[in-house]
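Novice: So the chains spell out like this:
2 protein chains.
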Amino acid sequence: MAENKNILTGDRPTGPLHLGHFVGSLANRVKLQDTHKQYVMIADMQALTDHADEPELIKSSVLEVALDYLSIGIDPKKTVIFIQSLIPAISELTMYYLNLVTWNRLKHNPTVKVEIRQKGFKDQVPAGFMIYPISQAADITAFKAKYVPVGDDQIPMIEQTVEIVRKFNRTYNTSALVEPETISPAIARLPGIDGQAKMSKTLNNAIYLSDPKEVVEKKVKKMYTDPNHLRIEDPGKVEGNPVFTYLDAFDPDKEKLQSMKDHYQRGGLGDMVVKKRLLEVLEKFLSPIRKKRKEYEKDKTAVLQMLKKGTDQANLVANQTLKEVKQAMGIVY
Amino acid sequence: MAENKNILTGDRPTGPLHLGHFVGSLANRVKLQDTHKQYVMIADMQALTDHADEPELIKSSVLEVALDYLSIGIDPKKTVIFIQSLIPAISELTMYYLNLVTWNRLKHNPTVKVEIRQKGFKDQVPAGFMIYPISQAADITAFKAKYVPVGDDQIPMIEQTVEIVRKFNRTYNTSALVEPETISPAIARLPGIDGQAKMSKTLNNAIYLSDPKEVVEKKVKKMYTDPNHLRIEDPGKVEGNPVFTYLDAFDPDKEKLQSMKDHYQRGGLGDMVVKKRLLEVLEKFLSPIRKKRKEYEKDKTAVLQMLKKGTDQANLVANQTLKEVKQAMGIVY
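Residue numbers (numbering that gives the first Met the number 0), protein chains in the order written: chain A, 0 to 332; chain B, 0 to 332.
Please keep in mind that the hints were generated in silico from the structure rather than gathered at the bench.
Keep in mind the model is a prediction, meaning the values are calculated, not measured.
Some hints could be false.
Copies of the same chain look alike in the list, so a pair counts if it fits in one copy or across any two.
[Stated by the list, open to error] Result set (SDA-like, lysine to any residue): computed pairs, CA atoms no more than 20 Å apart in a straight line: (1) Lys-307 / Lys-325; (2) Lys-166 / Ile-154; (3) Lys-307 / Gln-195; (4) Lys-58 / Gln-326; (5) Lys-221 / Lys-274.
When you get a sec, could you build the whole thing from the sequences and use the hints?
Specialist: Structural data, given as structure tokens:
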């Protein structure tokens, strides 16, 4: 049997993707598709767990996300891109795994606990949200994923999947399910333009991959820098200064960047100059993406067809896993 | 549009069906199949929620239950008999409904609370068990069931379904889902042969529809009666005496039964005589069922084919509902 190099990854379609997504995962996917069997899921069902009353946002975002993928170079010839809600086996696997996890265990999932606080659910947590670690185990195992690229905050989710895999394989005396491992992207997280730790749509501090030039300009201009760098001649801080963090992520000219950092720290280099450089760098990065996006936007039917094809391929794999799962359980009629 | 007379009902395949099932639901189904569109589900997925480590029991019981159905006169030409795990739409609908119910609401479902105590789960309640009211809502709504025959203890489950239907239809501005009503069988419950309120496999106090004559004889002989009816000449109690409850349910000669009751209450009628009459009555009831069962057992492939056909019919209906549900949510690609 060939070595299992399956990867499962994806995004919740609740808006367009931004630079944080690129740095945190998309860039990695473009590399990994050459060395691994990569499945990229547009997780519309998972998005519904905390957006049940905004299905129209989710639907429109599915296409946006697909366009983002194609524009940044995820290649449907190498990567299987699919829509979660069109894979019934994921729902079915979830139903079986639900019986292998206790209610108490779910309550104590650290990632879910943090997210419940962040989302302000209070005592109105949707049941679908509480059980999403289990449906995520279904996503991962459906594709026999060996590798799951996640940030540190998502590690407990993968641990939950590993627990389910072990319990399933032990209970039904099988090796049908594969234990996944996490792989961490190089730069885990890009701060927001407001300096907050995470770039996110909810925090309204993101630069989107599909933002037009004028919008990027406006956003970069109002970016948070070192609040104590009041006059140009003052020494400025580079650490925790998102303008420099972005440059670290996107500026290919590391030498020039280092000399700018030195200058900024010595004093005498104004924020406007650094921001101008960042804009230049971002434009160089974003303009070919925008151009490719325009091309794909012209023929949305072709994009939908690409998604359909990926979904068909994904269904083949997930249905095979479901079949093995049912065989292991012995509930085949 | 024709009046909706859809019924959804069924059983968890965790063993053969007994007289309690017959009185509580099966007898009713034989009648209802002439006046309603009846869907009878063999709920193997639901059985797994508290029997995750006994899939072989569930698998073998699926066939047993189907044989019981056919033997007592549920007619696959009139009733759609199907296997739950072969209807993917039920799992998919469950996933969407999970987002419309809060975790707190699930915790407070009275039926689930009682069952958790009865089953002795303590702090090891499987998540699948906690959410089974939601998957039951998926069962019911998948078939647009207007009527669900349930005992009093299950009424909170139907209320939960009604809540989900209302929330779904309101949230997505649709009338795709149908609000079910409960219909209560005439005699809700048959006591066990030990006098306990409920006949059940777990309590080991059941007479099965497939029990051979000798087994029925043995069970009737050791049946609980009036514990204070020590000598034949003593007056005996009829209320709470399961032998008479069974006669009430199965003896077609009501006049004779009444005179036996009078005699028993006056004193002078021994338990053995009443039990002999019960055995006679039960044999008259069970022997044609046994005979039909033998016929069906000869050709199990035909029974499986009948199940397959019913499942195909059920999938048509459930997939149509899923389609409408997705359309209402707008997540159609």
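Novice: Indicate, hint by hint, whether the structure satisfies it.
Specialist: Results for each hint:
1. Lys-307 / Lys-325: This pair counts as between: shortest inter-copy Cα distance 17 Å, intra-copy 26 Å.
2. Lys-166 / Ile-154: Intra 18 Å, inter 34 Å, cutoff 20 Å: intra-copy only.
3. Lys-307 / Gln-195: neither (38 Å within a copy, 57 Å between copies)
4. Lys-58 / Gln-326: Answer is between; shortest inter-copy Cα gap is 11 Å, intra-copy 35 Å.
5. Lys-221 / Lys-274: Answer is within; shortest intra-copy Cα gap is 9 Å, inter-copy 91 Å.
The structure fails to meet hint 3 from the earlier list, while all remaining hints are met.
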